[in-house]
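Novice: Protein chains in written order, with this note's numbering: chain R, 645 to 1196; chain P, 645 to 1196.
A hint or two may mislead.
Taking beta-carbon pairs under 10 Å as the criterion, some of the chain R residues facing chain P (in silico) [to be verified]:
1. G659
2. E660
3. V959
4. H963
5. I965
6. L993
7. M1042
8. V1091
9. I1104
10. G1132
11. P1134
12. S1179
13. K1185
14. R1195
Here are the simulated PhoX-like pairs of lysine-lysine, each with C-alpha atoms no more than 25 Å apart in a straight line [stated by the list, open to error]:
15. K985/R / K978/P
16. K997/R / K978/R
17. K1047/P / K864/R
Because the hints were derived from the structure by calculation, they are not lab data.
Note that beta-carbon positions come from the ideal geometry of N, C-alpha and C, so glycine has one too.
Protein chains: 2
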Amino acid sequence: MANERLFYLPLGGAGEIGMNAYVYGYGPKGRERLILVDAGVTFPDAAATPGVDLIVPDFSWLVQRSKRVEGIFISHAHEDHLGAIGIICSKIDAPVYARPFTASIASRKLEEFGVSPSALRVVSPGSAETKAGPFSVTFLKAAHSVPEASGLLLKTPGGAILHTGDFKFDESPVIGESMTAETWKSSAGTGLKALVCDSTNSLQSRKGRSEASVGPEIQKLIDRATGMVVATTFASNVARIKQIAEAGRRADREVVLLGRALHRMLNAALESGVISGFPRTIDSYEAAKLSRKNVLVIATGSQGEPRAATMQLAVGKFHGIEVESGDILLYSSKTIPGNEKAVLRVINLMARKGVEVIDDSAEIYHVSGHPNEPDLEDLHRALNPECVIPMHGEHRHMLAHAKLANRSGINSLVAENGCLVEFRKRGPIIAEEVETGRAYLDGFELVEPGDSVVGDRRRIAQNGYVSVVLTGRGRKRVRFDAAVATVGLPAKDAEELELHLEEIALSEVGDKLPAPLNADEIKSAASRAVRREVSEIFGKKPVVAVKIVYRD
Amino acid sequence: MANERLFYLPLGGAGEIGMNAYVYGYGPKGRERLILVDAGVTFPDAAATPGVDLIVPDFSWLVQRSKRVEGIFISHAHEDHLGAIGIICSKIDAPVYARPFTASIASRKLEEFGVSPSALRVVSPGSAETKAGPFSVTFLKAAHSVPEASGLLLKTPGGAILHTGDFKFDESPVIGESMTAETWKSSAGTGLKALVCDSTNSLQSRKGRSEASVGPEIQKLIDRATGMVVATTFASNVARIKQIAEAGRRADREVVLLGRALHRMLNAALESGVISGFPRTIDSYEAAKLSRKNVLVIATGSQGEPRAATMQLAVGKFHGIEVESGDILLYSSKTIPGNEKAVLRVINLMARKGVEVIDDSAEIYHVSGHPNEPDLEDLHRALNPECVIPMHGEHRHMLAHAKLANRSGINSLVAENGCLVEFRKRGPIIAEEVETGRAYLDGFELVEPGDSVVGDRRRIAQNGYVSVVLTGRGRKRVRFDAAVATVGLPAKDAEELELHLEEIALSEVGDKLPAPLNADEIKSAASRAVRREVSEIFGKKPVVAVKIVYRD
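This is chain R alone, in the form it adopts within the complex (with noise of 0.2 Å):
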């Protein structure tokens, strides 16, 4: 067994915030058995990669060895843990396990990729273990911001492993059972070969603040508004939108919930018990006839999307719903860093309307669900691993992390993504450094970021596009018409414009050539001249394709 070993693999997550997927191995090196921990995704930047839908790892070298998969474990139901699992699934056939809330809302991602959900094996947490090849899975109960978010710890004959998924420590966490820097301790003993660990909040110095801690706080301020509140935060924070509505209950108001992400995660939680009921809530347009004090909406949209129902509110009318003067806007919510320009459109529109936006800038009607700093350090000291492996964060982020825990004298390792670290006696080492990515789901299809589809869409949204096509004609000498198509260039007149290059291609291939034609050179000679002229016009240098069709 001298050349069994126990390996981690971060695809995603290591060096970003989002998209995670961990993969674990065990066995004789190049045989290891393989379980993936998350297949989450991240969002497209309209300016880096426009159009596409969203980004996914590059899972090509678990595909690769998708036969020696065990399974797949999805720690809890946010998009960056478990939006690829549709994707993965198509590719990969092994089995999903997840706890019920999770597994509900895993299982509409599978339908959208026509994967059945049959691959779907709900999990209890606490002592059940799951059998997966070498590895023991056990679902530890974690407090986050999600219902039903967990740890989980991998035994395998090299050792046990704690893969933390995000977690905080809460011992009010509104849903779900209270967590401290204890709870795993008696799950994972002593002697765990690892501790890998969310990342995200190392950078807070102050210890994270329980979710009970918001209700009150959101209550006084419903309690004191004399016009219609409307409060926006994640859908899928169940906990934080039932205390909203409570609180909105308490102040004699009805509630109301706008965008449909809430209507599903609410479903989700009500079908797999994770809560076991919900504050009466009516219809829009019940609510619009009602005086405006006596109604709390709430609401999709706290970072600013566009097609958001706190977005349609500030622009106008949305399912009976009118913001006006006196009325409240609440953002119970962080903004997520490269969304500030849409809350701030947002906040902006709200405030010529006379509504008073209360923003996430005091923190009080918001907390984290990662660990903050000295949260990392009371259960670096409960758990004592051989080392911490920092996981789901940016560098700066995983660097920390990594002080942290040496700090405490406990030796600690950043690995980013793609590298594979070997746990060995002495400690964990990279071994291995595998290619990994990200890949685009752009339609159906997905593409790699070295595909020029995503760049070339990325250089005509700069500059424009030309298109040339010359039609030849003739069997000894050949004569040329050409035809131009632009768009994205500044011209008043397009089809002028049009005409104009036509002229300019032809009079630089010349209209009539000798066969056989060279048609590389005569597609790049026309091309040049064309981009040329557009530039000494406009000042822009266009991306120009040249088509040749030979007709006789």
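We have chain R already, so just place chain P on it with the hints.
Specialist: Relative to chain R, chain P alone:
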């Protein structure tokens, strides 16, 4: 004289941070003589306005009345106050007034647009008044984050207005003279008709801090550093750059300036006499030979700009300089909303190289150049104007600013871009709403947001583009050939796709149609068919342009 009026009309900057441009008018209605205060730009967003170089105010209203424009006054040298001076001066023939440093920067902008710098009139602040039709304009010294910022006192027969420009209170501004709430009092006198006032920081509740408070903190940081120190800040903040350089020299470090904007700004400061000297600097290649602990680099790129020095250092060697583990990167700047992701990219690249990054979150290595809430209150009280008109701010900032004035018992009016505010006996009212907006500088051309060009680029970036050229032949019955070019579609084989779409287009239009042709019908049929086919294959709906060419 009863029908003479005094008005204020923001064309940009009121309802946004950036793109400042304010018109004042005095005279008989419809024949008022006009001045423009500031001609600033705002920066495009690669997602919303791809390919756009700059965004400038729509000056049409002013250009239509150019004969009545008596002068253009530039308050200070920031891009959002003078970046559009070249554009407006290429359309309006009027003298441009600015203090020496500002004039030096403005001169370059004029040249870029082929305008002779002879339009520039360099003025001195203080008692000297500039006559511009019925306006007597005095430049009042202000502290800010760029040399020679100025408030403008505008005296007219209809009363005096103080237009603050950007300013802050600072009793030790490092460069230039100190400023308190009282500084402008004697010039402004009593009975100001209006204070038109900077609102950028109206939501910041604590008092603003002095530029001089930053120096000692930077000194401490540099003193404790053992490796190379790279400090990045705004190139126009000459006082900051001077403080950083001095701290470096005191710590026995040679100073290197990386980035062209830094050299440009320092030269302007030296030429205009804003500073009389600057600590010794050396060439970057010389510095590269020294011990790391003896080098301080001041670099452009505090906002994560991809081509600026800081990003270049994050990705590799730049002008001989290379960062490594043990070095420090200091952000002596704030991150402007919208730039968060770009800045985080630099921070993580630096962290990966082992560089310690000191960001602006502790707020000790940077101070703002704008007045905070208590500062505004002090100014309101010191000047006690008849009314406060908030400017330079998003709606939420202007609203908070207006409320602040009201709290001190001063009348206020929130007027966004396009609101023509008439100052009447009983107070200011919005007398007219003028059509305003933005224009995009796109290569050499100015295009309007309503023009299709930028929208087209955004659409093709999202969805891809298909150009279809149908070439018809025959007199009585027309036979078609099709040539299709695609870009930005996730096809494995673009040529094969194009052949397929040619067939689709032809089979839809039929290849023999009786003349005369209904071109619009043919185009829309072909376009629909191609779009539907692409949508079925790829799940994307491209922009399709069909062109009919007739060759007999």
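Novice: With a cut-off of 25 Å on the C-alpha distance, tell me whether K997/R and K978/R pass.
Specialist: 23 Å, holds
Novice: Is the hint on G659/R kept, meaning its closest Cβ partner in chain P is under 10 Å away?
Specialist: 8 Å, holds
Novice: Per the CB criterion, is H963/R less than 10 Å away from chain P?
Specialist: 25 Å, violated
Novice: Using the nearest Cβ pair, does I965/R come within less than 10 Å of chain P?
Specialist: Because about 21 Å separates I965/R from the closest Cβ in chain P, which is outside the 10 Å limit, the hint is violated.
Novice: Would you settle whether the hint for R1195/R is holds or violated, based on the nearest Cβ-Cβ distance to chain P being less than 10 Å?
Specialist: Interface hint status for R1195/R: holds (6 Å vs cutoff 10 Å).
Novice: Using Cβ atoms only, decide whether M1042/R comes closer than 10 Å to chain P, and label the hint accordingly.
Specialist: 9 Å, holds
Novice: Taking the least C-beta to C-beta distance, is P1134/R closer than 10 Å to chain P?
Specialist: Check passed: Cβ of P1134/R comes within 4 Å of chain P, closer than 10 Å.
Novice: Taking 10 Å as the limit, does the beta-carbon of K1185/R come near enough to a beta-carbon in chain P?
Specialist: Since chain P brings a Cβ to about 9 Å from K1185/R, closer than 10 Å, the hint holds.
Novice: Compare the distance between the alpha carbons of K1047/P and K864/R with 25 Å, and conclude whether the hinted pair is satisfied.
Specialist: With Cα atoms ~23 Å apart, K1047/P and K864/R stay inside 25 Å; holds.
Novice: Is the hint on V959/R kept, meaning its closest Cβ partner in chain P is under 10 Å away?
Specialist: 14 Å, violated
Novice: Close enough to count: is the Cβ of S1179/R nearer than 10 Å to one in chain P?
Specialist: Holds: closest Cβ of chain P sits about 8 Å from S1179/R, inside 10 Å.
Novice: Mind checking the alpha carbons of K985/R and K978/P for me, to see if they're no more than 25 Å apart?
Specialist: It holds: about 16 Å lies between the C-alpha atoms, which stays within 25 Å.
When each numbered hint is compared with the structure, violations occur for hints 3, 4, 5.
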